[in-house]
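*Asks:* Next come the chains, spelled out residue by residue.
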Amino acid sequence: MIVETKFVRFDSLELDCGATLSPVDVAYETYGELNKDKTNAVLILHAFTGDAHAAGISKETGKLGWWDSMIGPGKAFDTNKYFVICSNVLGGCAGTTGPSSINPKTGRPYAMSFPVITIRDMVRLQKKLIDYLGIPRLLAVAGGSMGAMQALQWAVDYPDMVAAAIPIAGTWRHSAQQIAFNEVGRQAIMSDPDWDGGNYYGKRPPARGLAVARMIGHITYMSDESMREKFGRRLRNKDKPGFDFSIDFEVESYLRYRGSKFVDRFDANSYLYITKAMDYFDISEGTGRLVEALEPTKARFLLISFTSDWLYPSYQSQEIVRALQALNRDVAYCELTSNYGHDAFLVDVAEQAELVRGFLASTYKQIQRS
Amino acid sequence: MGTTLTKPQTAKPETPAAEPQRHLGPFVRQILGRSDYAIISELIPPGSRVLDLGCGDGELLEWLIEHKNVIARGIEIDSAKVQRAIARGVSVFQGDIDEGLTDYPDQVFDYVILSQTLQETRRPLKVLREMLRVGRHGIVAFPNFGHWSVRLSHLFSGRAPRTKLFPHAWYDSPNIHFLTIKDFEDLCKQEGWTIERRICLAGNHTVPLLANLLAEVAVFMIRK
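Protein chains in written order, with the numbering used here: chain A, 1 to 370; chain B, 1 to 224.
Any given hint could be a false lead.
[Stated by the list, open to error] Taking lysine-lysine pairs in the BS3-like style, the calculated list, with each CA pair at most 25 angstroms apart, reads:
(1) A:Lys-38 - A:Lys-127
(2) A:Lys-365 - B:Lys-68
(3) B:Lys-182 - A:Lys-365
[To be verified] Not close to chain B: a few residues of chain A, all C-beta gaps over 12 angstroms, as computed:
(4) Asp-25
(5) Gly-95
(6) Asn-103
(7) Ala-111
(8) Arg-258
(9) Tyr-280
(10) Val-291
(11) Ser-305
(12) Leu-336
(13) Glu-351
(14) Gln-352
If you are wondering where the hints come from, they were derived from the structure by calculation, not from laboratory data.
Please read all numbers here as calculations on a predicted model, not as lab measurements.
Where is the CB? At the ideal position from N, CA and C, for every residue including glycine.
Okay, chain A solo, but in the shape it has when bound:
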């Protein structure tokens, strides 16, 4: 499946902070065909550093999509049956307007003059895209991690446009621990002299700070078990420790490699803005009253969490499930066993795929009946 990223420009987007962005570009990809009744559309919502290229082989880069194991012909999100859409989030750096985009008023990148954005702003922009594509109601919204936050926001903000929501490894509000890790990442970037108040465009980017931020992130995405299995205490190209501060352990090499690779594809200011959006995320808007917050929802729900995910622990999904039960909503939930930590929803997908496949099929059947 060779796929191509498409673009659409919207005149303006109003934001939670009060500012209005204009214009706003959205990068998106679609897979499969929209049926005649327009009832088979599934919106995939990407996690923090994801992009619109969720499946297939990119025509531009030759790379495989970030959730290709889940999306495609015969897969969980079966593109023979469903019309699958994925767009880059607001504030991102892969085609959708973000801090690295040119501010038409100044002719220079927004950098830190980009307004602070929220998960709800991201969803508001996705809603424009879905309207533009002429889809009155989505069969499902689905995503892991930050994608789960967006899925939940969709179900709350546009209840009549969502038949089913699939938040995976997510939360209804960012916890102190989640905010703390994000803050360490932001501080790593902002303390790199090359960051220069965000005005590094056209100059040397804050590669060291961004790489350190990514290294921290990667630790939180894995688990004690998965790191022990993958690296143990193995040394990198040596028989004994070097008694210096070059790379000794395999795990150090891996983190440095992931950090340096990340710098090539991700914008440091996008890192700041998107982590901030996640930290602000609280579907109850500070009240802590989750049942009340989920009251507007009408969708069926499938929630999935993973046993070894300590960044978005199962209790956070279970709180959502219990609130939905209190509202007597149609909700299915399963905690899957995996050693892969938070990354499980991306890399350990066999069981997750079967859950999604069955849940989508039964939702689709319900819609055809009614």
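Once you have looked at the hints, place chain B on chain A.
*Replies:* Same frame as chain A, now just chain B:
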């Protein structure tokens, strides 16, 4: 005097014992290979809201959705079974029924099913009370510990009974609370619950007499 007097329409009093066993002859059919499932499916009218506690891989609920167009929910503790249930399109929540009902509002279900699970719960009375809080009717099926084979096994072996119905060794049995039909009826009396239906089964036969001695499985429909 142009009016004719008509008898006031009175609702039939719900006297379960007097209610004829309409669909149930001496032979009970099976669905999904189980006679208790057949009984349960006959007790549930089409379009009902149904919660199945300890629903396993959602087989019964799927059948009820297909054939009775019910609104179905299930709770199951075993992750592998939950996966199979969700994969077949049934909305199942992975949780412990000993604590899992607290979030449901009162009376949101028409029928709450507890099929062959009561004897496995840690706090059966709490589970039954919760069932009748969230649902209008409770349907409880359980293996009868009063069956003659259990009595004989215990009497003659001098050991914890092992029979067709209770095949497990004492140390690895999922059953932790053993009850007979009489025990269950005593409890209903004690709690003031109405027994709406009682169907006692031995294989695919209903047991008309000496149920506590002859029935292998009992299915009760109760309400508060």
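*Asks:* Let me make sure I understand: some of the numbered hints might not hold for this structure. Which ones are they, in numerical order?
*Replies:* 3, 10, 11, 12, 13, 14
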